[in-house]
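Just so we're on the same page, our numbering is the position in the sequence shown counted from 1, plus 514.
Honestly, I wouldn't trust all of these hints.
What the hints assert, rightly or not - Just the calculated beta-carbon pair ranges, DEER-fashion:
1. 912 / 593: 30 to 40 Å
2. 543 / 675: 17 to 27 Å
3. 915 / 818: 44 to 54 Å
Hints were generated in silico from the structure; no laboratory data involved. Glycine residues also receive a C-beta, built at the ideal position from the N, C-alpha and C atoms.
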Amino acid sequence: MRLSPERLASILGVPAPATAEEVTGLAVDSRAVKPGDLFCAVRGANVDGHDYAEAAMKAGAAGCLVTRDVGVQPAYVVADVAEAMASIASAVRHAFDGTVLAVTGSAGKTSTKEYLAAALAPFGKVLKSEGNQNTEYGLPMTWMRLDDDHRFVILEMAMRGLGQIRHLCSFSRPHHGIITSLGTAHIGELGGSQENILRAKLELFESLPEDGARVYPAEGAFVERLAEAAGASGVSFGEGEQADASVLIGAMHPPENRTDVLFIVDGQEFAASLPGLGRGMMRNACAALALASRLGVSAEEAVRGMEMATLPPDRLTYVSHQTFGVLVDVYNSSPESCIESLHTLAGIPAERRIAVLGEMKELGEESEAAHRRVGAVVAELPIAWLAVVGREAHWIREEVLARGFEGRVDTFTHAEDAARVFRSMGPGDVALIKGSRAVHMERALEEAGVAYAV
515 MRLSPERLAS ILGVPAPATA EEVTGLAVDS RAVKPGDLFC AVRGANVDGH
565 DYAEAAMKAG AAGCLVTRDV GVQPAYVVAD VAEAMASIAS AVRHAFDGTV
615 LAVTGSAGKT STKEYLAAAL APFGKVLKSE GNQNTEYGLP MTWMRLDDDH
665 RFVILEMAMR GLGQIRHLCS FSRPHHGIIT SLGTAHIGEL GGSQENILRA
715 KLELFESLPE DGARVYPAEG AFVERLAEAA GASGVSFGEG EQADASVLIG
765 AMHPPENRTD VLFIVDGQEF AASLPGLGRG MMRNACAALA LASRLGVSAE
815 EAVRGMEMAT LPPDRLTYVS HQTFGVLVDV YNSSPESCIE SLHTLAGIPA
865 ERRIAVLGEM KELGEESEAA HRRVGAVVAE LPIAWLAVVG REAHWIREEV
915 LARGFEGRVD TFTHAEDAAR VFRSMGPGDV ALIKGSRAVH MERALEEAGV
965 AYAV
C-alpha cells in the first residue's frame, strides 16, 4: 500500500509535514525499519518508541508517528499512536473489496491461519498476518502490506483482555471468523474466569455481519454457548459426527512432520496427508476447511492447497538430531495446548519418551490447578522422564509424584540448565520441549546444540 503525505495527513486529521515522503509500510521497532516505513513511536511498559525516532529516520523511515515533538522531521503528531495506526488500517480496509477472515482462540490461531491461507491460495492471492503481528499494532502493519492483487486477507487476532478483539474488528471489519478453541490461556489477565475468556472471544462473532460464517469447535468448553452465539450462520468443526465439518485422524509421520487425515464436509470425504502432527493440529486444519468450504470454493481444491501449507518451525515440529528426535513446541504454552502436545508425544514410537516442560504464565490464581492438570496427564501417559523448568512448574512435578510416577524426574531453574536432558538422550528417544514464551525454552535446545529452526 502506498499513502501520499497528503492522504496520510487527511486520515490522521493533522497537517502534512512540509518534507514528507510517500509511506509504504508501518514499523514499531526502529531496528526493523525499511525505507518507506512510517515509524510509529509506541510507548510500552519499559520502552518508549519516541526515544528511537532518530534511529528510525537514520534507518530510512519516511517519517515518524509521534505524540510530541522529538526533534525529527517529517513527523505526524497525533494524540494517540495506537488509535492513529487503527485509523490508517481502517482507511486501507475501506478501499479493499475482497474477503476478510479473522481467526482467534486460546490455542491454534497461527496454524489455523496458515491452513486457511493454503486452502484459499488456489483461488486468489492471500494476505495474512505474519509472526506475532496479531495486535493493535501488528494488524495495521499487515494492512499496509495490501496490494491491488490481493483477494483474501486473513488476520490472526490476539486477546489479552475484554474489548481487544472488538477493537481489532472495528478497523479490520472481517466478513467471516473462526474461534479455534476456548481454554485458559491468559486467564490470569481476565479475572481468573473462563466465562470472561468466552466473552472476549465472542467479540469476534458479535462483530461479523449477520450473514458472516461463524466457525466454532463442536467439542470442548461452552459448545452450546458458542452454537447459540453463532446462530444460523454457525459452522462447527471437530472429530465427532455432530460437527458440520469433521476430521478422522490417521497415522502420524514424525520425520516428515505430516499426519494422515480424512475430512468429511457436506457428506463428502476428502483424504489428505497434511503438514503438522497430532490431533490438535488436524482439528485446526478442519476449522480452516470448514470456513473455506463456506466461501463457495471447491473443498477438494482447498484440501489439496492445505497439503502445501507451511507451518512455523517452533509449533509442535519434529526435529531429528543425531540418534534421537525432539518435538519442538517452544512458542508458548497453556494447559490445553500442553496436554495436546503430550498426547502427540505419546503417539510417537520411541525407546523412551521424555517431557521437558517449562512453566505456564498468565494463569493467575489458576496456576497451581493448571500445572497439576498437566502433571496428572504426564502420570497417565507412557513417559519415562519428566524435566520441569521454572518456579511454577514444580506443581507438575508434585502432581506426577503424588500419582506414583515411576520415571525419572528432574527440576531446573532456567531453560539453559535443561540442555543436559538432550545431552543424555540415546538412540530412539523422543523428547517434547514446551513452555511459555517468557521461559525461553528454546535456550535449552541452543545450549545442547539441537537445531530446531527447520
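So, going through the hints one by one against the coordinates:
1. 912 / 593: 30 to 40 Å: 50 Å, violated
2. 543 / 675: 17 to 27 Å: 23 Å, holds
3. 915 / 818: 44 to 54 Å: With Cβ atoms ~48 Å apart, the hint holds.
Consistency note: the structure conflicts with earlier hint 1 alone.
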